Amino acid sequence: MTRPERRKVAQGLGFISPWLIGFLIFTAYPVAASLYYSLTDYRILRPPHWVGLANYATLLTGDEYFWRYAVANTAFMFLELPASVVMGVSLAMLLNRKLRGMSLYRTLFYLPSVVPTVAASMLWLWVLNPQYGLANGMLEKLHAAPLGWLTDPRWSKPSFIIMDLWGVGGGMVIYLAALQGVPEHLYEAALLDGASPWARFRNVTLPMISPVVFYNVVLGVIGTFQYFTQTYIMTRGGPELSTLFYALYLFQNAFEYFRMGYACAMAWVLFVITLGATLVVFRSSAKWVYYESGERG
Amino acid sequence: MIATKKQGKGASSAARAALWHLLMVALAIVPLLPFIWMVSTSLKVESQVFTVPPQWIPRPARWANYPDALSSFPFLRYTANTLVICLISVVGTTLSCSLVAYGFSRIQWRGRDTFFIVMLATLMLPAQATMLPVFLLFRWLHWIGTIKPLTVPAFFGSAFFIFLLRQFFLTIPQELSDAARIDGCSELGIFSRVILPLARPALATVALFTFIGGWLDYLGPLIYLHDESQYTLALGLQAFLGRHGAEWNLLMAASTVVTVPLLVVFFLAQGTFVKGIALTGIKG
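Protein chains in written order, with the numbering used here: chain A, 1 to 297; chain B, 1001 to 1284.
Each hint should be verified, as a subset may be incorrect.
Here are the in silico distance ranges between beta carbons for each label pair [claimed, not checked]:
#: 1; chain 1: B; residue 1: T1051; chain 2: A; residue 2: A145; range: 21 to 27 Å
#: 2; chain 1: A; residue 1: F258; chain 2: B; residue 2: V1030; range: 50 to 56 Å
#: 3; chain 1: A; residue 1: E188; chain 2: B; residue 2: A1064; range: 54 to 60 Å
#: 4; chain 1: B; residue 1: Q1108; chain 2: A; residue 2: A199; range: 33 to 39 Å
#: 5; chain 1: B; residue 1: G1111; chain 2: A; residue 2: K287; range: 24 to 30 Å
Source of the hints: derived by calculation from the structure; they are not laboratory data.
Given the structure is predicted, the values throughout are model-derived calculations rather than measurements.
The beta carbon of each residue, even a glycine, is placed where N, CA and C say it ideally should be.
Model the full structure from these sequences, guided by the hints.
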C-alpha cells in the first residue's frame, strides 16, 4: 500500500472505531461464547458438557418441528414483505404531498408505531376476537361470514400480517425521508419531457428511493425470521402450532425447557438461514438499487 | 412527488385539496380506530368494555380511571427514569452512528467493504443468540441493576442506524466532499461541516427512532433493572397489567398516557422531514 492509501485506511478505521470496539465487546465475544454453548449440553443449572455436533444433528434430522417452522416462517416472509413494501411506499407517496395539515395525517399513520407492544397486542386481541371483536362486526355489516382469525389455523398468519400492516407507518417514515431527498429538478425535467405520472414514479422516484427500499427489504427478511413478541403475547404459537414461528420455538427451548445448548444451536442455524436469504437480496441489488454518488452495493 | 405543480385556478385547486383531505381522513380511520377504542376503553367502567356493538363514546365517561391508573404505580419517577435512559441513548446513538456511517460511505479505503459486510452480518444475528453471554458480561462488570447496560452500548453504534445513515450519506454527491477537500478541509471537518448539516433529516430520524425505541423497550429494563425505583414506563405498564389482571380500562388509561407523549414528540419532529428538501443541497 502507498502512503496515501495507508492514510485512508487509518482515517476509515478511525471513523468506524466506535462500532469496531463495540463489535468486539458486545458481539464477537458473545457470539463465540454462544457458539461454544451450541456444542454442549447446557441446562443452566449444571455447567455445560461437551457434546460436539449432537445438537445440530438432532435439530436437522430428529426434530420434526424444526423444518415445519422454518418452512412456515419462510412462507410468512413471502406474504409479509411485498405487502409491507408496497403499502409503505404508497403511503409515503400519499403523505409526501404538500397539503395543509399533512403533519397531522403523518402523525396519525405513525400512531400505531408508538403504541406499547403490550397495549397493541391487547387491542388486536379485541379487534380479532371472533365473538365481540371489531373485525367480525364489520364482516357482519357486509353480510359476510365471520372468521376465526387468531383462533383459526388458516387465518392466524394473515391476522398477523394485517396487524403488521396496521403498523406500516414505521417503515413509511423512512420512505418519506427518502422521498424528501429526491431533488425537485429531476421531476421538473421529467415533466418537461412530458413523462406520465407512472413514468415519473418508475424512472425518477423509484430509482432515487431504491437504496431505502433495499434497506427495508433487508431488515424485513431479518425481522420476519426473528418474529417473536406478537406471537409470544397473543397466540403462544397456537392454534395448532400455526404461529409457532422459529424465534418462538427457540425461546421456548431456551427459557421454558432450559435447553440452552440446543437453543444456541437453533440460533446459529437461524443465522445461517437469514445470512443466505440476505445474500440473495444483496446479489440482486446491483440490478435494482441506484446510488446517486456512484457507489455500488 | 410534484406537490406544487402550478398554482391552479383558486376554485379548482381548493376542490382538489378538499378531495385529498377526504381521502386522507378516510384512510386515516384504519390506524385510528383501534387507538380510539383504546382511549374510549380508558374511560369506561369495567362492565362496558366488551359490549357488542362497541360503544365508542362511553356514557358516563369515567375520568377517574386516569388518576386511578397513574396512582397505582410511581408514574412520575418512572417517567423521569425513562427520559434519562432515552436522552443518553439518543446522544450516544446519533453521535456514534453518524461517525461510523461516514467511515463506511464517504471515504474510500481498502478493507472497508469487508468490515461493512461483517457489520451487516451482525444484523442477522438473532438477539437470543447473544443475550445470555452479554448478560454474563454485564454481571462480570457489576453493571446489573444500573442503567449502564441500557445506555453505554449506544455509544458504540447500532448496525441498524449505521446502515440507515450510510444509505443516506451515499445519496450526497461526492463533488461536495471533493470541493471541501480541495479547500483543505480535514475528514472530520467535512463530516461535521458538510455531511452532517445535509443529513439532518436522516439524523432526526435516527434520534426519533432511538427515543421511541428506548421509551417502549420492555425486554432490556426487564433483564437489567432490578430495583423498582429504577423502572421505566414500559416496565411499569407490565407490572400494572400483572397486578390488576383483567382491568382493561385501567390498562388502556395507562397505555394512553404512555403513548401520547410519543405522538407529541413525533408530531413536532416530523417537521424536520418536511424541511428535508435541504437533504440533497443540490437543488437546481
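Honestly, which of those hints from before does the structure not fit? Of the numbered hints given earlier, the structure breaks just one, which is hint 2.
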